[in-house]
Amino acid sequence: MRRKRPTVVCLAAALALTGCSAASTGGGEGDSALTYLTFETPSLTAKFWDTSIANAEKKVPGVKVNKIVAPSTDRDAYAKQLQASGQFPDLLQSITPSTFATAGLLKPYDQTWVDAKFLLPMGNAYKGKVYIPPTNSQIIPEVFYNKKLFAEAGISAPPKTWSQFMAVCAKLKDAGITPVELGGGDPFSASMPLVGILSADVLGENPNWLKERYAGKVKFTDANVKAAVTKYRTMVEKGYFNDGALGVKYADSITNFTSGKAAMYIMGSWFLGAVPKDRADDFGAFLTPTDDGSLVVPFSVGGSMAVSAKAADPAKATAFAQAWSLDPANYKTLIEGDGAFPMLKDKTLDDYGVSVTKVFKDSYSYVTAQNEKVSAFGWATNDDSMPSGLNNAFYAASQALFSSDDIDGELAKLDAAWDAATK
Amino acid sequence: MTTRVRPRRGDPALGSIALVALGLYVLFIVIPVIMSGWKSLTNENPLLAQADFVGLSNYTEMTRDSDLAASLSFTLLLAGAVTIVANVVGIGFAMLLNRTSLSYRMMRTVAFLPQVLSGVVVGYVWRYILARDGILNNVLVSLGIIGEPITWLGSPRLAMFSVGIVAAWVLTGFTTVVHLAALQSIPVELYQAALVDGAGRWQRFRRITFPMLAPGTTISVTISLITMLKLYDIIAVLTSGGPANSTQSTALYIIQLAFTDNRYGYASAVAMLLLVVSIVIALSVTALLRRREVDL
Chain A
11 MRRKRPTVVC LAAALALTGC SAASTGGGEG DSALTYLTFE TPSLTAKFWD TSIANAEKKV
71 PGVKVNKIVA PSTDRDAYAK QLQASGQFPD LLQSITPSTF ATAGLLKPYD QTWVDAKFLL
131 PMGNAYKGKV YIPPTNSQII PEVFYNKKLF AEAGISAPPK TWSQFMAVCA KLKDAGITPV
191 ELGGGDPFSA SMPLVGILSA DVLGENPNWL KERYAGKVKF TDANVKAAVT KYRTMVEKGY
251 FNDGALGVKY ADSITNFTSG KAAMYIMGSW FLGAVPKDRA DDFGAFLTPT DDGSLVVPFS
311 VGGSMAVSAK AADPAKATAF AQAWSLDPAN YKTLIEGDGA FPMLKDKTLD DYGVSVTKVF
371 KDSYSYVTAQ NEKVSAFGWA TNDDSMPSGL NNAFYAASQA LFSSDDIDGE LAKLDAAWDA
431 ATK
Chain B
276 MTTRVRPRRG DPALGSIALV ALGLYVLFIV IPVIMSGWKS LTNENPLLAQ ADFVGLSNYT
336 EMTRDSDLAA SLSFTLLLAG AVTIVANVVG IGFAMLLNRT SLSYRMMRTV AFLPQVLSGV
396 VVGYVWRYIL ARDGILNNVL VSLGIIGEPI TWLGSPRLAM FSVGIVAAWV LTGFTTVVHL
456 AALQSIPVEL YQAALVDGAG RWQRFRRITF PMLAPGTTIS VTISLITMLK LYDIIAVLTS
516 GGPANSTQST ALYIIQLAFT DNRYGYASAV AMLLLVVSIV IALSVTALLR RREVDL
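Residue numbers (the numbering used here), protein chains in the order written: chain A, 11 to 433; chain B, 276 to 571.
The shape of chain B in the complex, shown without the other chains (with noise of 0.2 Å):
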């Protein structure tokens, strides 16, 4: 028999885990970010071991970096899209899935893979299916779909779409996995009344389901907005960024300012930039999405 430990009020033992987790997030995220703001202020370069202080130069040479501009617009539309089909067909998966049996179980289990696997790993892979001689190509060109062999990486356009699914593809296990607890939430005897009253199975989703996923399709989309706002290994296996620059995401361009063009002074500045994008958008999208939780 094992006996649970309840948490007291002012249990000394809490405190100190809080005071840990405290000074964590101080050291792992609250120092560096405030590290990051001072380093964006100078010109610091690593190789040649300078580090003035430049004002807000670096944030001024950013309206005219059309590199920065291409690279965010690619992140938000990327972001945006991505977030969008992740939860809608996680929606989906997830009212799929909501069955107790074993098979249903394992189901979820594989819905769920991509989620584990690191990105480095799924850039790879990925790389093999939609190489030119790859495997989508071979199963479509076999199956009569298409005529000759697509350049899923090789055009700017394609290699943008391509990025986009394969994003899309990790991220749904994600999303499903939320959905499904959120379905799991809600209250049979909800269902039970609608059918009494004659609800059909569109009526039943529109009035009871989709509502009652509002919390879960809060976290999902914030969550997923965040993820793709910083996605970096998948590209970079995938596509180091190109053809062209056209799939560099701000968080490659970062990257490439700081290890490349050892430019860590004017990399903070676009990490900062990011940051508050990052905030910004997370902030906006929780707000509305609670305001629809509170509506219902």
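So that you can see chain A by itself, here it is in the shape it has in the complex (with noise of 0.2 Å):
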């Protein structure tokens, strides 16, 4: 038997297989075939993106995409990741866009279109660039509570100031109801009481800080930032926080507050997706109370897909983007099962067709008003945004301090990690 034959059978397959690949994904002749970076969760399942990416290839002829799925929530990881090994998808949904633009591997929208058809036009803005449409909104966070628990404690109505808040949270200890839930074991949802007392204390004071903690001017070490850790330390020493709250997962904190073991409860709200419906009077929600009771909304504005600088055909990639992005059947979705808050012009809740709480409502007329809006802390997808890799740190932080007193030490590590990302 001749020795070259699997060689050259294996090579011919190759070739093969690469010249299939390549016209499968094209989808028929002078389509242009795009990937597309999703991600899953429980609302937004696999039929919801397949049915979303159908609708936008519907209203853009010629175009075929091709859904890559993260493994995780982290888009930015596996972004990351794809790009390492030379597969950068065509479009990005839900990425960090400051991560990926300072590469230059994104390409901002037409700011035209952005400024015809989005609430706020720049939200999002990455150097004076749109790369990801302004179509929804979060506050992040909220402090949700349950009324029921509350009138057992004997509070009528939810804190305004700090002091308030101290004192409700005293009462409720009293009364043997846990305060505040935490789902600490996920790093993420650990620093959440955090990141509502900067965004309130420091951000409510300057809302340039983060810019001005890049151009070197203010610390995490500064007494503002130290005043207002300080805080969060404090409730961590008086015990207001489940017990083993570092040992209890993201998930089960959701659960553990919905089903009354804890009265209030400091998340993203996109936890307004996870309110239950039958029980949803239940609950309440406030901002993150300040000291003098002024309102401070830790807002974020999320996008729907970035469009990579090196897409296969940028027109078609843009066209989908965009009709992906003003599809009204997406923002149902979103709004109902992710608690997001639509961003587009001339629209009121009604013109979506969406079945909302009651607390869903409170909570979006913090976005409509006209009120003092900051980025949220370590949140945001702008200018304010943080250097990569800094929220790990902040994370990090965050759980340390439930078993350490040492603000100064982990503050000093912030600026350290911040200084070392940005060099």
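Keep in mind the hints are simulated off the structure, nothing from the lab. Incorrect hints may appear among the rest.
If you only want the chain A side, here are some residues facing chain B, beta carbon under 7 Å, derived [claimed, not checked]:
hint, residue
1, A87
2, G96
3, A111
4, P197
5, G254
6, L256
7, A261
8, G399
9, A406
10, Q409
11, A410
12, T432
Everything numeric in this text was worked out from a predicted model, so none of it was measured. Each residue gets a CB set at the ideal place from its N, CA and C atoms; glycine is no exception.
From the two separate chains plus the hints, produce the assembled complex.
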């Protein structure tokens, strides 16, 4: 037998496969084949993505979109891996634009289109350009509360100032009710109370704090940041969080709160999608209280998909992204399932045909009202976004402050991490 | 009837196999290590498509990196503690299971089972066992051993302890099998002679079993240490390195540097450090244990 045959066969097969692959992604003569990075959650299911993609495809003739599903909800990490292996997608859903725009990997949207369609056109702009259409927003975090447990503890109204908030916590604890549920087993979830306090106190006083941190004008070790972090540490010391909070996973913390095991829950407004519909009136929401009772909305304008600067067909990729971003059917799922606040111009909630709870409407009123909105600390996707990798340091500090009272040390670590990430 | 092919000196088939093995070793071990060594001298960032030569600056940065120091301390502590526990328990299990009946053979399989499971599966299973409302707490509370559930993964010290216990549980399967093999190679005549001389159970263990286990222990301890020094999967699932980075192994830190922080260059430098540390520890421990074998 001639030994060369297997090699020849393998080579031929590989070539054939390459040829097949190229042909099969085309989806027909003249079609542009695009790859689209998505992610799946209990509310944003595979069916949602498939349907939304099919609907947008119909609006852009000659485009065939192949879905890539990130293995976890961390789209940024997966997109980086794809980039490192030369497979950066043509379209990327809900990524952090600054991470990729800095590297020149994203194509900005036409500003005229953005200005015409969205309530806050520059809501997630990075260095003056919009890389993800500002389709929806979140408040990160709100303080959700259980009205029945408040009543049981003799609390008649949600607190407006920080001292009232601490008094409410004390009253609940005295009544044998866990004041605040925390799913600290997941680092992002552990950081939520701190995100709320820093957004309210530090950004509320100086909305440009993050930009000034980039410029080296302010530091984490500054007195005002330390004072804010001390509030969080005080909550820990007084035992206002559930026992073993750092051992509770995020998903379990939702169940614990909705089943009445704690009176309050500090989480992004996406929690609204998890409020039990049949008991929705049992729950209310308020913003992290400030010292003087002024309202500060920790706000984050999110968006749909970014377009790769090296997309196979930039024009069709952009057309597809625009079609998807304006489809009301997608908003319905995002609003009802993910608690997203829509940001399309000239639309009311009724225009989306959604069924939402009172606590959703109350929360949405913070978005539509004229008030002080600041970038949610660590969650912004615009110029206030933190340097890549700093979120991990921030989450670790949030967890460390559960067992350590070395606030100065933790803040110094954050400064060091920031400096290392931006050098 | 099967025919055994006896290898002959200069057999060309053997030479081909050796060449293939050598080729694979070079392809999958030597070249990646050399590439990693080169990357460690650059500031490679895959997103920025940048990879400038920066000399030894990554290595000098390591001396100031408190996160690296913390991860390395945890890794060394874990490797040392788990190696000791797994090998002591492994020797005990090996002695218990050193019987030929079917039931003991089945128990050996059960003892080896954790070693067969993927680290990811192990992590998930133990995450449920160690949860605040998990099986372990339920059992301990129902037996009245503890009053309140313990958050095994919820405080830095307890999480470190829990990771160690899970890693030791996995590794004990391996150490049991290695020591069992070593036990079965001990000549029965030695025990018979000791019995004639009136040696008790403890004396038989101290004078015969323990010394004769030395070659197996050398292998078991060395491989245990290397396995623990590069531990990633179990920790990634069980604690993700938390809380507050308390269980962040060096392997986990390397992944974070490379894929979250996009610092391939610095991650490669840390990987080279871990490689050197692993080689130094493995060679030192092997030399020490081999000396014990010779002394016997």
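Problem - Broken hints, by number - result: Numbers 2, 3, 7 and 12, in rising order.
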